[in-house]
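*Asks:* This is what each chain is made of:
Protein chains: 2
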Amino acid sequence: MVERFEIVEKAILKMLEDKKYAALRDVLVVMNPSDIAVLFSGMEEKQIPLLFRLLPKELAAESFVEMESEAQELLIRSFSDNELKEIVDELYVDDAADLVEEMPANVVKRILKQADPEMRRSINQILRYPEYSAGSIMTTEYVSLRPNMTVEEAILRIRRQGVDKETIYTCYVTASDRKLLGLVTVKDLLLTENDETPIRDIMLTNLIYANTQTDQEDVAKMLTKYNFLALPVVDGEGRMVGIVTFDDAMDVIEEETTEDMELMGGIIPSEKTYLRSTAWDLFKSRIPWLMLLMLSATFTGLIITSFEDALAAQVALTAFIPMLMGTGGNSGSQSSVTVIRALSLDELRFGDIGRVIWKELRTALLCGIALAVACFAKIWLVDRMLMGNEQITWMIDLVVCLALCVTVIIAKVVGSVLPLVAKVLGADPAVMASPFITTIVDAVSLLVYFLFARSLLL
Amino acid sequence: MVERFEIVEKAILKMLEDKKYAALRDVLVVMNPSDIAVLFSGMEEKQIPLLFRLLPKELAAESFVEMESEAQELLIRSFSDNELKEIVDELYVDDAADLVEEMPANVVKRILKQADPEMRRSINQILRYPEYSAGSIMTTEYVSLRPNMTVEEAILRIRRQGVDKETIYTCYVTASDRKLLGLVTVKDLLLTENDETPIRDIMLTNLIYANTQTDQEDVAKMLTKYNFLALPVVDGEGRMVGIVTFDDAMDVIEEETTEDMELMGGIIPSEKTYLRSTAWDLFKSRIPWLMLLMLSATFTGLIITSFEDALAAQVALTAFIPMLMGTGGNSGSQSSVTVIRALSLDELRFGDIGRVIWKELRTALLCGIALAVACFAKIWLVDRMLMGNEQITWMIDLVVCLALCVTVIIAKVVGSVLPLVAKVLGADPAVMASPFITTIVDAVSLLVYFLFARSLLL
Numbered sequence: 001m002v003e004r005f006e007i008v009e010k011a012i013l014k015m016l017e018d019k020k021y022a023a024l025r026d027v028l029v030v031m032n033p034s035d036i037a038v039l040f041s042g043m044e045e046k047q048i049p050l051l052f053r054l055l056p057k058e059l060a061a062e063s064f065v066e067m068e069s070e071a072q073e074l075l076i077r078s079f080s081d082n083e084l085k086e087i088v089d090e091l092y093v094d095d096a097a098d099l100v101e102e103m104p105a106n107v108v109k110r111i112l113k114q115a116d117p118e119m120r121r122s123i124n125q126i127l128r129y130p131e132y133s134a135g136s137i138m139t140t141e142y143v144s145l146r147p148n149m150t151v152e153e154a155i156l157r158i159r160r161q162g163v164d165k166e167t168i169y170t171c172y173v174t175a176s177d178r179k180l181l182g183l184v185t186v187k188d189l190l191l192t193e194n195d196e197t198p199i200r201d202i203m204l205t206n207l208i209y210a211n212t213q214t215d216q217e218d219v220a221k222m223l224t225k226y227n228f229l230a231l232p233v234v235d236g237e238g239r240m241v242g243i244v245t246f247d248d249a250m251d252v253i254e255e256e257t258t259e260d261m262e263l264m265g266g267i268i269p270s271e272k273t274y275l276r277s278t279a280w281d282l283f284k285s286r287i288p289w290l291m292l293l294m295l296s297a298t299f300t301g302l303i304i305t306s307f308e309d310a311l312a313a314q315v316a317l318t319a320f321i322p323m324l325m326g327t328g329g330n331s332g333s334q335s336s337v338t339v340i341r342a343l344s345l346d347e348l349r350f351g352d353i354g355r356v357i358w359k360e361l362r363t364a365l366l367c368g369i370a371l372a373v374a375c376f377a378k379i380w381l382v383d384r385m386l387m388g389n390e391q392i393t394w395m396i397d398l399v400v401c402l403a404l405c406v407t408v409i410i411a412k413v414v415g416s417v418l419p420l421v422a423k424v425l426g427a428d429p430a431v432m433a434s435p436f437i438t439t440i441v442d443a444v445s446l447l448v449y450f451l452f453a454r455s456l457l458l
Numbered sequence: 459m460v461e462r463f464e465i466v467e468k469a470i471l472k473m474l475e476d477k478k479y480a481a482l483r484d485v486l487v488v489m490n491p492s493d494i495a496v497l498f499s500g501m502e503e504k505q506i507p508l509l510f511r512l513l514p515k516e517l518a519a520e521s522f523v524e525m526e527s528e529a530q531e532l533l534i535r536s537f538s539d540n541e542l543k544e545i546v547d548e549l550y551v552d553d554a555a556d557l558v559e560e561m562p563a564n565v566v567k568r569i570l571k572q573a574d575p576e577m578r579r580s581i582n583q584i585l586r587y588p589e590y591s592a593g594s595i596m597t598t599e600y601v602s603l604r605p606n607m608t609v610e611e612a613i614l615r616i617r618r619q620g621v622d623k624e625t626i627y628t629c630y631v632t633a634s635d636r637k638l639l640g641l642v643t644v645k646d647l648l649l650t651e652n653d654e655t656p657i658r659d660i661m662l663t664n665l666i667y668a669n670t671q672t673d674q675e676d677v678a679k680m681l682t683k684y685n686f687l688a689l690p691v692v693d694g695e696g697r698m699v700g701i702v703t704f705d706d707a708m709d710v711i712e713e714e715t716t717e718d719m720e721l722m723g724g725i726i727p728s729e730k731t732y733l734r735s736t737a738w739d740l741f742k743s744r745i746p747w748l749m750l751l752m753l754s755a756t757f758t759g760l761i762i763t764s765f766e767d768a769l770a771a772q773v774a775l776t777a778f779i780p781m782l783m784g785t786g787g788n789s790g791s792q793s794s795v796t797v798i799r800a801l802s803l804d805e806l807r808f809g810d811i812g813r814v815i816w817k818e819l820r821t822a823l824l825c826g827i828a829l830a831v832a833c834f835a836k837i838w839l840v841d842r843m844l845m846g847n848e849q850i851t852w853m854i855d856l857v858v859c860l861a862l863c864v865t866v867i868i869a870k871v872v873g874s875v876l877p878l879v880a881k882v883l884g885a886d887p888a889v890m891a892s893p894f895i896t897t898i899v900d901a902v903s904l905l906v907y908f909l910f911a912r913s914l915l916l
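Respectively, the protein sequence lines represent chains A and B.
Each residue of the first sequence is one higher than the last, beginning at 1 in my numbering.
Each residue of the second sequence is one higher than the last, beginning at 459 in my numbering.
FYI, nobody ran anything at the bench for these hints, they're computed from the structure.
Do not rely on the hints blindly, as some may be mistaken.
To be verified - No more than 20 angstroms apart at the CA atoms, straight line, and that leaves these computed lysine to aspartate or glutamate pairs for DMTMM-like:
# : chain 1 : residue 1 : chain 2 : residue 2
1 : A       : Lys423    : A       : Glu256
2 : A       : Lys221    : B       : Asp709
3 : A       : Lys187    : B       : Glu520
Starting from the given sequences, assemble the full structure and let the hints guide the process.
*Replies:* Right, dumping it as structure tokens:
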């Protein structure tokens with residue numbers, strides 16, 4: 001797929017260069033808006049408005065929605081008031097609200113001036129809800145029906161109003177005070193044989209809905225869990241105010257997954273894509289954790305310093321520090337990654353903490369013993385016999401392997417428990433991932449190692 | 459949400475215990491199939507068939523599809539042939555194929571015996587496609603139209619055939635040889651004013667489709683990118699064979715994300731949920747990487763042994779090994795996580811490698827300098843003055859901080875380049891994450907450290 005798209009991209013740039021606008025238009029009209037948006041993101045600034053004006057009105061608006069905000073801003077600045085009005089009129093309300101949120105103040109002023117009064121009201125309503133809430137990602141355009149309409153009247157209403165709605169496939173049945181009573185799908189309407197059946201008789205009343213204040217991640221999870229095309233959003237009084245559609249839910253899930261992965265890698269999440277981030281942006285999102293973890297490594301330094309007697313007596317011990325810390329860190333991050341993911345998929349709750357610890361203990365014991373046995377053999381065969389390091393005795397080998405086994409067990413328990421604790425404290429479990437766990441496990445593994453060394457070797 | 463659900467769960471278990479079956483049935487019928495499935499997963503084995511028989515037929519089938527395979531198998535074994543036939547008749551073909559794939563041979567035989575001949579043929583067709591291909595996740599049930607039908611005829615056909623189809627909202631226009639010609643949405647049909655308009659005139663011919671062999675991850679990405687409800691799947695001759703619906707795409711994305719995270723945590727991906735995995739399952743998926751990484755730490759041990767002269771001359775050097783290795787590992791995994799995620803979102807290609815290295819180099823320089831300065835001050839203020847460690851000289855402090863800065867730079871470049879290399883070699887970039895990078899960076903940081911130490915201190 002990707003290769004084919006790159007060929008199209010090159011051909012289009014060539015046509016643009018050769019000023020073959022008629023041919024160019026013929027290619028563009030059969031393209032998908034998402035692909036056109038990708039095309040724009042790889043283009044020089046001055047070409048963007050030129051190419052955009054070649055698009056027919058509806059396709060232009062659809063492509064505009066999919067573009068990155070840099071290209072959108074550039075285009076709006078190049079638009080006449082009339083051109084801007086044409087685009088704004090074609091936008092769905094939630095896309096318009098997104099746009100307004102991302103543009104600088106002077107651009108926002110122009111957009112709102114060109115929007116018709118009803119859209120301006122809707123945009124302002126959506127912008128009043130807290131960021132990352134259902135209210136802030138919903139659209140206020142949906143098809144609403146009344147319980148006493150017949151199936152035929154309902155279909156007629158959809159045919160009249162549908163053109164401006166983001167989805168017509170799920171219609172919401174509301175009372176005259178806008179209280180949400182039920183829902184009907186177009187499938188239900190079409191498959192009902194008697195056109196005179198009142199909506200009341202076929203509507204689904206066992207409703208799943210979000211509140212305007214519900215977190216967008218929870219909304220996305222509800223949509224995925226129940227495989228809905230759209231989820232209704234109600235206000236504090238149970239009045240219907242909008243819907244969140246599945247495509248917005250997919251975007252939210254993608255964003256939240258990226259955020260989880262960034263946190264797991266010790267990065268402060270940012271909304272910019274990698275290639276759009278400057279070195280300075282990357283620096284700002286990476287330095288806090290690096291700095292914190294570097295400074296907290298003071299403890300490992302102190303542990304080593306305070307066990308200098310053991311190290312001085314048995315110089316060979318130093319050689320195994322990286323292996324011990326590394327294996328401990330890896331063991332811990334395996335457990336934390338597993339638990340973090342299970343939490344984010346709602347497969348685990350804090351109440352399962354007992355089962356988690358028991359499962360991790362047994363897994364850790366298996367891993368610890370397998371690793372210790374392998375390590376014992378490796379040290380003797382490779383380090384002692386093959387490399388001829390005479391400093392390594394049976395006792396040193398034993399100390400290393402005992403410490404390894406105990407470290408793995410502690411690391412796995414710590415790695416699995418900390419994300420659960422974070423969850424119950426209301427923090428994001430993903431923070432308790434690899435970098436954080438590693439720092440704790442580093443200190444623990446050294447302590448265990450030196451305590452074994454001191455009691456068995458000195 | 460979760461809390462409310464737990465209350466419902468407890469109430470239902472109580473009713474089941476008290477044998478209040480009529481009341482229980484009233485509660486169940488207003489529940490969503492996904493929630494009922496969750497309910498079953500928390501239940502004792504002998505209660506499952508009992509509760510299942512309380513569900514009305516259609517809801518029973520819908521809930522059955524959402525259940526974990528353990529519960530499904532248990533239920534099938536408790537079904538009479540008649541009960542099994544009722545459930546199988548209600549299943550969509552793709553769900554039936556999924557079921558057949560997951561059940562043991564003797565259960566499969568029973569299922570296929572109860573399926574009607576057409577469904578058996580479709581199931582067998584789907585099962586012939588390679589695992590993780592579009593063919594293996596598609597459904598063969600969709601609404602197909604002919605180009606010469608009128609809008610009215612098309613709507614009539616949907617009303618007649620729609621009840622058995624997973625989605626009716628996107629209909630596919632095919633020629634008599636089943637070649638895919640175009641698509642029409644129900645929205646287009648409803649919004650076309652003239653009922654006599656032929657489908658040919660309103661169908662979309664600029665089609666995006668998958669091949670039966672297309673990887674399921676690519677299919678899911680196409681559905682998300684274009685915000686489609688369904689994607690048509692064609693065979694090698696361009697004949698329509700099925701569709702993949704958006705809910706299956708969401709499931710694929712969830713699976714692939716979990717797999718990425720597991721690989722990033724040094725775990726061999728498995729399809730079992732955490733609570734369903736035994737300690738032995740977890741052991742098997744975790745021990746390979748742990749073992750490999752433990753053994754590869756032999757190199758760090760060898761490096762330390764071969765620089766024993768430097769360590770013996772300046773015992774204080776040992777104390778900073780964990781900090782150096784830890785910071786190097788964290789720096790590298792930050793870069794690898796960022797690049798891995800950007801690759802999986804198609805924001806990066808291998809061709810961007812030059813831009814990536816240049817960006818990472820500048821970021822690393824900023825991070826390296828900031829960390830080195832902070833570290834220099836910390837060592838002097840804390841380790842030397844506060845803790846009174848007289849062994850630490852200006853020169854040792856300098857060696858540590860120089861090594862730190864160089865390590866961070868190397869770690870960030872290695873961390874960002876390896877996932878790109880994996881991608882171009884056709885491997886999963888997620889393998890090149892934290893555990894793997896850490897092992898390389900551990901060795902590099904020690905080498906850099908001792909080389910600086912030897913040239914500046916000895």
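*Asks:* Against which earlier hints does the structure fall short, listed by number upward?
*Replies:* Structure breaks no hint.
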